[in-house]
Structures are given as C-alpha cells and as structure tokens.
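A.B. asks: Here the protein sequences come in this chain order: B and H.
Residues 192 to 525 (this note's numbering) are what the first sequence spells out, left to right.
Residues 21 to 287 (this note's numbering) are what the second sequence spells out, left to right.
Worth flagging that the hints you see were computed from the coordinates, not collected in a lab.
Be aware that a few hints might be false.
To be verified - Here are the simulated lysine-lysine pairs, BS3-like style, with alpha carbons at most 27 Å apart: (1) Lys362/B x Lys206/B; (2) Lys524/B x Lys189/H; (3) Lys361/B x Lys241/B; (4) Lys383/B x Lys247/B; (5) Lys361/B x Lys463/B; (6) Lys275/H x Lys522/B; (7) Lys463/B x Lys491/B; (8) Lys37/H x Lys425/B; (9) Lys266/H x Lys521/B; (10) Lys42/H x Lys276/H; (11) Lys491/B x Lys37/H; (12) Lys251/H x Lys42/H; (13) Lys275/H x Lys521/B; (14) Lys522/B x Lys276/H; (15) Lys309/B x Lys425/B; (16) Lys266/H x Lys197/B; (17) Lys189/H x Lys206/B; (18) Lys42/H x Lys463/B; (19) Lys135/H x Lys309/B; (20) Lys425/B x Lys241/B; (21) Lys244/H x Lys197/B; (22) Lys189/H x Lys425/B; (23) Lys522/B x Lys491/B; (24) Lys276/H x Lys425/B; (25) Lys283/B x Lys195/B; (26) Lys491/B x Lys275/H; (27) Lys206/B x Lys383/B.
What the hints assert, rightly or not - Sample of chain B residues with no beta-carbon within 10 Å of chain H, all distances over it, derived: (28) Asp243; (29) Gln363; (30) Glu375.
Backbone N, C-alpha and C fix where the C-beta goes; we use that ideal spot for every residue, glycine too.
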Amino acid sequence: MEAKTKDLWVFVETKEDGSARNVGLELLNPGRRLADGQGGRLAAVIIGNKADAAVKAAGEQGADQVILVEGEEYAHYTTDAYVNAMEHLITKYGPTTLLIGATSYGRDMGPRLSARLKSGLTADCTSLDLEAGTGNMAWTRPAFGGNLMATIICPDGRPQIGTVRPGVFKKQAPMESHAEVIREDYHVPAGKIRTRLLEVIHEAAEAVVDLEGADIIVSGGRGVGGPEGFGVVKELAEALGGVVGSSRAAVDAGWIPYAHQVGQTGKTVAPKLYIACGISGAIQHLAGMSGSDCIIAINKDEEAPIFEVANYGIVGNLHEILPLLTAEVKKLKA
Amino acid sequence: MNICVCIKQVPDTTEIKIDPVKHTLIREGVPSIVNTYDTYALENAARIKDAAPDTKIVVISMGPEQAKNALKECLAIAADKAYLITDRVFGGSDTLATSYILSEAIRYVETQEGKFDMIFCGKQAIDGDTAQVGPEIAEHLDYPQVTYALEAVIDGESLRVTQQGPEEKQVIGVEIPCVVTFTQPPFDVRYPTIRRKMAANKAQIPSVTSAELAGIDVARCGLKGSPTHVKSTFVPVHESKLVLVKEETVEDSAKKLIGLLSDAHVI
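Okay, chain H solo, but in the shape it has when bound (with noise of 0.2 Å):
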C-alpha cells in the first residue's frame, strides 16, 4: 500500500496567547507540534505498515521552511518520505485554496512516489478547528471520503473504516483510492525511537513550489483564490453576572444555592 497523509504544524493552543491589541498571536515560547489529529492520521497508516511491511507512508505538509520540522517528527514516528508544499503565493489560503494546493501537492508527489491507496488527514486542526480540508482534497481528487475514523484497516481491495457516527460507531466500507479523516482512537500513538529519530535529523526533505506543481491555476491559490476573508477579529470577552455564594459554613452555602435554584425555577 502507498499511503499519504497531510499533516499541519500548529501552535499548542492549550498554551496560546492572543495580544489583546494587535489580535494576532503571541508565538513567543509557544511549542510548535504536528497538529493532534494529524498524529492519530500517521499512527493509523503506520499500523497498515504493521500489518503489511511492503506500505510506503508519504507525509505532505504546506507551509513555511519551519515546517520541515514537523515532517521531521513524522519521519521520526513513521513515516518514509516528506515533502514541504511551500511557495508565496500559496499564503493567505482558506481552506478551499489550501486543499486545492494539497490536491495538486498530491498528485506531484505521485509523480514521484507512485500512486497513492488512500490519503490520510486529522479530522481537524487545533488552531483552525474547520474540518474543512480533508473532505475538500476529496472532492478536488474526486475520492470518496470517510470522517471521524477511528481505525482503518484493509479489506481486500477496499478500506474497512471504523467511524465515530452521531450516536454510534459504526463501520464503514469505502472503495480505494480514498481520503479518510482521523478523530481520536482508542489507541496511543507510538513515539519516535532514538535511531530513526537520527535518521530524520538528518533526512533532506524537498520542498515543493508552484513551479513543480505543472497544471496549477495561481488564481486558485493565496489570499487571492480564497472565496472566504477574515473581516474582523475580536478578544472574546464575558461581562460578569456572578453572585457569589459565601454562608458562614459550607453547608450553608450549599443551602443557599439549592434555595436560589429553586427560586429562580432552575430546578
């Protein structure tokens, strides 16, 4: 199997900051990491690799030269090859532009790599939070799509895919080639051991421009190919409407609330 899966370095946004003036992001001592979601992505296409050895697992990330890191993480935890999706005009992309990019990244890198199985993303990323791109790519390389997977496995000549649905899990069948989206599985993801973590230090990772990219349109790219802009940004604030609750003991207290829940028909 000939795996690929896009990955996305993301601010731990656990640990996030906002300038409250400016609205942009205080980067300063701020880790950056391979996006969650992505990691349960990778760690899927490395337990197909478990299972069939012969699986070449491909990493594509777009974004600046700094994001050679993450690919670089990826090539320590799993993975075989990396490629760095990076120009100018691709800045600025939402996330119709972006999986646009990604859909012709991939089909370059197939020039490259072979023809790939399936196409594996997060289901989301931690600082976008859209869920958008996954299914976009789909569309663009017109593959079915599965989202919410929770485990992939192969079956045959298709994907047996365990799915979060809305109420159940439930498993699903889709026809290879196809994209699949990863939620969290009820697995842990595997850490990079000390030799390959060598061998990714030192693994040349070649970027990718619009040059490569043959049949691009630029005018699908960038701030100029996004349908949606941002129109504004804003700290969110709450406005404090709190009564606090502070009898002379704790069971009084607790009284007290109950007393004004139950006034005010809450409960």
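Just chain B, with the same shape it has in the complex (with noise of 0.2 Å):
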C-alpha cells in the first residue's frame, strides 16, 4: 500500500471504562518527535466504546488529531472487529508509519495487520528513530533474549509498523489539548466477529501484579534460595509500599508465579525504583528492567552483571541485608 500522507499514527488502546491504557500515551512522546521529523501530523487512532477519557488523554498528550471509532462491538477487544476498523481507517487516511503498544491485544492485532494490508512489523521496539538520508523508520529491538539488539527498516511497505512495549518510553506532563477530533462512523458486523468472549475469571487481588504500573519494584532470583526465600523480599516491597518481581529462574524454579516475571519473556518495566535481590542478571533480565530510574543490586557475587547496570550495590548475602534495608525503611517512614 502507498501512504497518502506523511503522518505518523499511534494506536492508543482502550480499557473497557474507556480510559486510554498507558503504553499508548506514552508512544505520543517518541510520536511526536518521530512526526516532525517525517514532516507530517501526530495522530492518536482510538478504537473503543465511550472513549472520551482516552480522547482528552491524548489531546494532552500532544496529538495533533485524535481519530475516533466508536460502537458497542469495541468494548471488548476482539481481533476481528479492530484489525477491521484499522484496516479501513489505515485505507482511507494512508499514514506512513504505526505505533502499537506491544499489550497482550496490541501483539494480537499488530501481526494481523501487518499480514493484510502486506507491510512490515517490527515487534517489542526498544528505540525509535529514522533512518538518515530515507526518513525511513529505524527500529530498534533486542533479538536471541537480548543478547543482540536489530535495527529493521520497512522501506517500501507503508505503513511501516512497530510495537513497543509498556514503560519503554515515558509520558510527558499533560499539556492544553489542540487536537482535532475525527470521528470515522464504522461498524463491523456481528457475523463478521468469528470470536465472543464467554467468561472473565477474576483472581483473586493478591494474584493480580501490577509490575507496569508501579513505582517501585523490589525482586528476587535463583539467589533467594526457594519460595520461602520470597518472605524478605516481599517484607521489604511491603515497607516501600512496592511491588514483589523475579527473574525467570525463580518463576521457571517453581518459587513464584509468572505474573511476577520481569525481563525479555516476563514484564518491560522503568520504576523509580528496581532493586535485584540475588539477580545475576542474566541480559534478558537486564532486556526488562534496564530503563528503571534507579536500580539497586544486592548479590553475593561481586562479578554478577547485574552490578553493571546498577546505580548501587551491596555484596553480600540478601538474606541478612533486606531485612535491615526494610528496618531501616520503616525508621524513615516512621
């Protein structure tokens, strides 16, 4: 397909309260600097039902337009309804280039996308920029685990398509909203929509990790020692009012459940605040957590990798060290 104009689209994703899920936001951040440089216009394309939070959301984001498509068939996602919506909305308008955020349904949609309208897409993006003399789209992605990083380009397919996963990139401060408001009136038809969604188990709220969305995360690895070996590290991310991670070992171990998981195959997370307890830091670990404002490592090996990409560090046993880190806490905050 040609592109019609040299517009730069992100894909901001919905909840099912119509509010905008994060990722989205913050690819209008790269978004707009990436637009410029294209010399073309910054657009949100919003899919949902009753998303006017998610519309005055990326309004602030800086968005040049917000493109608009409501009905009841979005509310829940469903591959059939969306990859339809953004395939007629990708035919009319003709951007260059699409920003997905790499959700669990924005990885469901992207590929499906990029197979029908025969374009290419370049998955889990950890940088963004455009390619010298071409203009063309440089994407950067860590490949084998995070062992390499690939930078793609797509110069012919349009629009060219990346994903990007949550915290990768940063919101900014909201601003005054300038955004022109398209609404596309498109429906997709029931018959059309092969999928239905028949139950949502709720877990329990304790299961539920909220790893994206939280400030401070404190993890645990094979270092930990077993399941038991959790209660100090849980006992400090308490202190800090923080979330419980691990690496893969601990969660391939067995110690702890895979929402926990951060790294390459688990959660991309960038808190305030990361500390590794017992984490040689493997480099999909690293893949994971490197973007984190402030990372702590605590380890027995001086030589453990984690240490280099880590603002401080204690060499020691963790077993003896969190719990005078969360003793220390509680003083502060007492």
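Each of the two chains sits in its own frame; use the hints to bring them together as a complex.
C.D. replies: Structure below.
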C-alpha cells in the first residue's frame, strides 16, 4: 500500500471503561519527534466504546489529531472488529507509520494487520529513530533473548508498523489539547466477529500484580534460594509500598508465579526504583528492567552482571541485608 | 479432530553467546531445542487427543534439514505425522514471508492429511520473540485467531480457549477452523516414552519444497519477499555508574544505602 500522507499514527488502546492504556499515551512522546522528523502530523487512533477519557488524554499528550471509532462492538477487544476498523482507517487516510503498544491485544492485532496490509512489522522495539537519508523508520529491538540488538527497516511497505512495550518511553506532563477530533462512523457486523468473550476469570486481588504501573519493584532471583526466601523480598517491598518482581530463574523453579516475572519473556518495567536481590543479571532480565530510574543490586557475587547496570550495590547475603533495609525503611517512614 | 502444530527449532537462548565482533551466534556447544512455547501448543493438542483418541496431530516446521531432529522429538512426544518445509528460496524470510510460506505449506499438507480443524502455534519463538507468525498465518488462511492461550478444549463445533488477558484470564469461544497460539500453561508438558522415541527415530519425514507448493508466489518468499530488513546489529553495552556501598558492618551499609536513597528522593 502507498502512504497518502507523511502522518504518524499511534494506536491508543482503551480499557473497558473507555480510558486509555498508558502505553499508547507514552508512545505519543517519541511519536511527536518522529512525526516532526517525517514532516507529517501526529495522530492518536482510538477504537473503543465511550472513549471520551482516552480522547482527552491523547490530546493532552500532544496529538494533532484524534481519529476515533466508537461502537458497542469495540467495548471488548476482538481481533476481527479491531483489525477491520484499523484496515478501514489506514486504507482511507494512508499514514506512513503506525506505532502500537505491545500489550497482549496490541501483539494480537499488529501482526494480523501487517499481514492484511502486506507491510512490515517490527515487534517490541526499545528505540525508535529515523534512518538518515531515507526518512524510513529505524526500529531497534532485542533478539536472541536480548543478547543482540537489531535495527530493522521496512523500506517499501506502508504503513511501517512497530510495537513497543509499556514502560519503554515515558508520558509527558499533560498539556493543553489542540487536537482535532475526527469521528469515523465505521461498524463491524456481528457476523464478521468470529470470537466471543464467554467468561472473565476474576483472580484474587493478591494474584494480580501490577508490575508495569509500580513505582517501586523489589525482585528476587535464584539467589533467594526457594519459595520461602521470597519472604524477605516481600517484606521490603511492603515497607517501601512497592510490588514483588522476579527473574525467570525463580519463576522456572516454581518459587513464584509467572505474573511476577520481569524480563524479555516477562514484563518490561521502568519504575523509579528497582531492587534486584539475588539476581545475577542475565541479559534477558536486563532487557526488561534496565530502563528503571534507579537500580539497586544486592548479590553475594561481586562479578554478577547486574552490578553493571546498577546505580547502587551491596555485595553480601540478601537474607542478612534485606531485613536490615526493611528496618531502616520503617524507621525512615515512622 | 485434525490438528496441525507449527514448530520451530531454536538455539536454547538461556545458553547462547554472541560473537562480539561478528554479531553472529556462537552455536558451538549450544543445544538446539523445540521452541518452548511450541511444546505448549503440542501438549494442548495431545490433551485434545487424550479426550478424543481419533484425533490426528501433524507437526510442521520450516527450516534446514537439521530441523527434522526437532520434528522427531515432537513425534516422540505426541505427534502422528511430521513434515519439514525446506527450500533455499525460503531462506532469509522475515515473519511475513515465513507465515506466508507456512500457510501455503498447511494447504499442501491438507491435501495429504485432510483438512485441519485447528492450527496450533507457540505464542512466540524464544530466539526471535516476535509473536507474529501465528496471527499472520491466521490472516493468510482467513481463520479467526486466539493468542496467549493457556488451554483450549473442544466444545461442540467450536473451541473454548482460556486466554491470559491483559489483566485477568478470560475464556474465548472461537469458531473452527481457527489458529490458536499458546503461552505457558498451568500444567506440565509430557515427556516422550521410550517406545515412541524409538519409533520417532525411524520415522521418515517428508521434505516439502517450493515445487510441491503449487500456488506459491516465490516473490513473496525469502529475503526478497520480506518487507523488513535487518539494517544493523549491535551487542548491548551498559555503562557502569555503580556506587558500591561497603561500610564496616552490614548494618551500616544498610543504613547508608537507605540514607542515599532518601537524600536522592528516590524513597
């Protein structure tokens, strides 16, 4: 497909209450720089039901346009409804670039859309630039579990599509909205939607782990030693008002559920404070947390690669150190 | 039921090293395995067969001759038949070209094995981590898709898929035929039995080339048929900014660290 404009679109995914998921808003930040570099407009594309809150938020993040498709069939994500709506919009307006948050829905929609439009998609990008000379997007992403970074280009296919994980970029402070809101009346007939939501399985509150939204994460790895070892990790997290994360090794060992996993095959996080306890710092773990503002490493092995990305480190036994840190935090907060 | 499981042979990424100069994989001593997520897809197919023993499981893989070892492993675990999709013109394919070739291969294998009711894939491969090929196959075949599946069970003429949603688990009903991509399930995957392993070792695995894929457009295959290209690669480096806290006693170190964080307004 030929691009009709030099515009850059950011798909701003909505939640069922019509508010925006953070990652879409985060992407408007690099989106601004790239749209300016391409000489086009920055548009937020919103598909949902009663999505006023998302429209407002996208305007406040600096979008020039908000392209909005609303309908009851979009209240809950389905591949067929969302991909058909996106295909309609892209065919009509012809953007040159499309950014999608790499949420579970974004990663469901992106490749399907890419195959339908026969254009290239680069998944889970960690940096976004324009290629000198051509103005094509230069998508950089980890490969081989984060051991290698690759920069990918899509010279001919349009729109060039990329997904970016939550937390890789940061939202800007809200500004006054100047966005032009374009309402597209497009509906997908029920017969074209081939999946149905039958049931939502509500888990106990403690089983839901909001790693991506947390300001403070205290993570445990192999060095924790066993499921009981996570006790001292949890206590420090609680004292700090943070959440518990973990490395893949601890999840694979069955010490803690997958929902806590940080890294290439878990969640990508960028909290204000990340405390890695007994985590050696395998590259797949670093790929998921090295964007944190402040990283603390506690490990008995002075040579552990985690110290290379840490701001502060203590070499020693975490079972001895963590309770002391917890006590100091409690003193500070008392 | 007739189930096709798409698998990929990958290097075990927990053990790989990258040549810092050439930016290529150092393959020496690194085991090749069936992509972990694909084993979850195979396990789910095996569970469907446990419940409905007349189910047939066919595994396919695109790759070099060596990938037959991965297919044999799948035969040993649960698969009934296996096909290797292999051709020099397929080399260098990105995800879109790969998914196109696999969708054409699925159509060919159906002429041999009968129409598939479902296509199962791993959510993503642990070497590329793109999670693109499954949904792209679904698009080429114009089938509905469910991704991030934990478990799929037959429910009359449709499939009931428990899916890891963005916040909570949810159950999705999907028409057959369909494509389902699997993430880590709450149960263990089975191991091969000795008897199956011996049979798998002797199995003849047909190689399917572009010559067999009658309708395939080779312009959409390989490097030339791929919209994305790797422009450059580099090994990530982290500049150390470490402040090591090392006081006389552990108690003092803990106190110092919390003090530093408090002064920096981190906590």
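A.B. asks: If a hint holds in the structure, say so; if it doesn't, say that too.
C.D. replies: Now the hints, each set against the structure:
1. Lys362/B x Lys206/B: Distance ~18 Å between Lys362/B and Lys206/B Cα, so the pair holds.
2. Lys524/B x Lys189/H: Status violated; Cα separation ~36 Å.
3. Lys361/B x Lys241/B: Roughly 26 Å separates the two Cα atoms, so the pair holds.
4. Lys383/B x Lys247/B: Distance of about 30 Å is beyond 27 Å: violated.
5. Lys361/B x Lys463/B: Given that 27 Å is the threshold and the Cα spacing comes to 12 Å, the pair holds.
6. Lys275/H x Lys522/B: Between Lys275/H and Lys522/B the Cα gap is close to 10 Å, so the pair holds against 27 Å.
7. Lys463/B x Lys491/B: At roughly 24 Å apart (the allowed maximum being 27 Å), Lys491/B and Lys463/B satisfy the hint.
8. Lys37/H x Lys425/B: Distance of about 33 Å is beyond 27 Å: violated.
9. Lys266/H x Lys521/B: Holds, because 21 Å separates the two Cα atoms, which is no more than 27 Å.
10. Lys42/H x Lys276/H: Measuring from Cα to Cα gives roughly 43 Å; hence the hint is violated.
11. Lys491/B x Lys37/H: holds (24 Å)
12. Lys251/H x Lys42/H: holds (14 Å)
13. Lys275/H x Lys521/B: holds (11 Å)
14. Lys522/B x Lys276/H: holds (13 Å)
15. Lys309/B x Lys425/B: violated (47 Å)
16. Lys266/H x Lys197/B: Given pair Lys266/H, Lys197/B is violated - Cα atoms ~55 Å apart, limit 27 Å.
17. Lys189/H x Lys206/B: holds (15 Å)
18. Lys42/H x Lys463/B: Violated, at roughly 36 Å.
19. Lys135/H x Lys309/B: Holds, at roughly 26 Å.
20. Lys425/B x Lys241/B: violated (39 Å)
21. Lys244/H x Lys197/B: Roughly 25 Å separates the two Cα atoms, so the pair holds.
22. Lys189/H x Lys425/B: Holds, at roughly 24 Å.
23. Lys522/B x Lys491/B: holds (25 Å)
24. Lys276/H x Lys425/B: holds (21 Å)
25. Lys283/B x Lys195/B: holds (9 Å)
26. Lys491/B x Lys275/H: holds (18 Å)
27. Lys206/B x Lys383/B: holds (22 Å)
28. Asp243: The claim holds: Asp243/B sits with its nearest Cβ about 21 Å from chain H, beyond 10 Å.
29. Gln363: It holds; Gln363/B is separated from chain H by about 21 Å at its closest Cβ, greater than 10 Å.
30. Glu375: The assertion about Glu375/B holds, with a minimum of 22 Å to chain H.
In summary, the structure is inconsistent with hints 2, 4, 8, 10, 15, 16, 18, 20 from the numbered list given earlier, while agreeing with the others.
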